[in-house]
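A.B. asks: Here's the letter readout for the chains.
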Amino acid sequence: SQTIHQWPATLVQPVGSPLSLECTVEGTSNPNLYWYRQAAGRGLQLLFYSIGIDQISSEVPQNLSASRPQDRQFILSSKKLLLSDSGFYLCAWSVAAYNEQFFGPGTRLTVL
Amino acid sequence: SQKIEQNSEALNIQEGKTATLTCNYTNYSPAYLQWYRQDPGRGPVFLLLIRENEKEKRKERLKVTFDTTLKQSLFHITASQPADSATYLCAFGGYQKVTFGTGTKLQVIP
Chain F
1 SQTIHQWPAT LVQPVGSPLS LECTVEGTSN PNLYWYRQAA GRGLQLLFYS IGIDQISSEV
61 PQNLSASRPQ DRQFILSSKK LLLSDSGFYL CAWSVAAYNE QFFGPGTRLT VL
Chain A
113 SQKIEQNSEA LNIQEGKTAT LTCNYTNYSP AYLQWYRQDP GRGPVFLLLI RENEKEKRKE
173 RLKVTFDTTL KQSLFHITAS QPADSATYLC AFGGYQKVTF GTGTKLQVIP
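Protein chains in written order, with my numbering: chain F, 1 to 112; chain A, 113 to 222.
Just so you know, not all the hints are guaranteed correct.
Partial list, computed: chain A residues near chain F (C-beta under 10 Å) [what the hints assert, rightly or not]:
(1) S113
(2) I116
(3) Y140
(4) Q150
(5) G153
(6) G155
(7) L159
(8) L161
(9) L174
(10) K175
(11) G205
(12) K209
List of simulated lysine to aspartate or glutamate pairs, EDC-like, C-alpha gap at most 20 Å [what the hints assert, rightly or not]:
(13) A/K175 with A/D196
(14) A/K209 with A/E172
(15) A/K175 with A/E127
(16) A/K183 with A/E166
(17) A/K183 with A/E168
(18) A/K129 with A/D196
(19) A/K169 with F/E100
(20) A/K115 with A/D151
(21) A/K209 with F/E59
(22) A/K171 with F/E100
(23) A/K115 with A/D179
(24) A/K217 with F/E59
(25) A/K217 with A/E117
(26) A/K209 with F/D54
(27) A/K167 with A/D179
(28) A/K115 with A/E164
(29) A/K175 with A/E117
(30) A/K217 with A/E127
(31) A/K129 with A/E172
(32) A/K217 with A/E164
(33) A/K167 with F/E100
(34) F/K79 with F/E26
(35) A/K175 with F/E59
(36) A/K169 with F/D85
(37) A/K209 with A/D196
(38) A/K115 with F/D71
Everything labelled a hint here was simulated from the structure, so no lab data went into it. On a predicted model such as this, the values are computed, not experimentally measured, just so you know. All residues carry an ideal CB built from backbone N, CA and C; glycine is no exception.
Please build the complete structure, drawing on both the sequences and the hints.
C.D. replies: Structure below.
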């Protein structure tokens, strides 16, 4: 069966510090991968999606970036965090765009 | 721009009743709609997918309808239970990605 992992579960970082969140999927090949952010009481905001290695699309211009160094690994990064980067970050995968998405447990990021 | 809207107000219903949640969309003709459940501090969990050529889809106590004329999907939970209390998200699919609504919080009162 397929599983999706995210780490860390929680993170508290000072403004201006770097960020690296990792997501890995097991039990499937060539998944579509997604990064979302959910602010408190808000909906899911799509940040990046990837249909393959080195094929990453950005949805929202910001100080975040994403990379996919391996087929089932998706990394969200920032060189300098802003207060507005605080939120609940979720990674998800799907077999294809028209299929259901499976979400990871999420990372709660607080920028102070 | 494409918009998907859910009632942002919480929905409180009595246990045993049918809960009905609404999802409306504008400026788009999605090929399918999805519904997810999200518990506090957790990632969403997929529940049902309905395609544009399907009027209704059922799974156990859940039912989803898709009205492309009204640009609306309704999500029903029959014989609701306190364990059904959660936030329910609808989402519509497009090329390579899915757009989510903000969700409706459902509270089932014993």
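A.B. asks: All hints, please: hold or fail.
C.D. replies: These are the hints, each one checked on the structure:
no., hint, in the structure
1, S113, "violated (12 Å)"
2, I116, "holds (9 Å)"
3, Y140, "violated (15 Å)"
4, Q150, "holds (9 Å)"
5, G153, "holds (7 Å)"
6, G155, "holds (3 Å)"
7, L159, "holds (9 Å)"
8, L161, "holds (6 Å)"
9, L174, "violated (14 Å)"
10, K175, "violated (17 Å)"
11, G205, "holds (6 Å)"
12, K209, "holds (5 Å)"
13, A/K175 with A/D196, "holds (14 Å)"
14, A/K209 with A/E172, "violated (28 Å)"
15, A/K175 with A/E127, "holds (17 Å)"
16, A/K183 with A/E166, "holds (13 Å)"
17, A/K183 with A/E168, "holds (14 Å)"
18, A/K129 with A/D196, "holds (12 Å)"
19, A/K169 with F/E100, "holds (15 Å)"
20, A/K115 with A/D151, "violated (24 Å)"
21, A/K209 with F/E59, "holds (10 Å)"
22, A/K171 with F/E100, "holds (15 Å)"
23, A/K115 with A/D179, "holds (16 Å)"
24, A/K217 with F/E59, "violated (26 Å)"
25, A/K217 with A/E117, "holds (13 Å)"
26, A/K209 with F/D54, "holds (17 Å)"
27, A/K167 with A/D179, "holds (7 Å)"
28, A/K115 with A/E164, "holds (17 Å)"
29, A/K175 with A/E117, "holds (19 Å)"
30, A/K217 with A/E127, "holds (15 Å)"
31, A/K129 with A/E172, "holds (15 Å)"
32, A/K217 with A/E164, "violated (25 Å)"
33, A/K167 with F/E100, "holds (19 Å)"
34, F/K79 with F/E26, "violated (28 Å)"
35, A/K175 with F/E59, "violated (32 Å)"
36, A/K169 with F/D85, "violated (38 Å)"
37, A/K209 with A/D196, "violated (27 Å)"
38, A/K115 with F/D71, "violated (32 Å)"
Against the hints set out earlier in the document, violations occur for numbers 1, 3, 9, 10, 14, 20, 24, 32, 34, 35, 36, 37 and 38.
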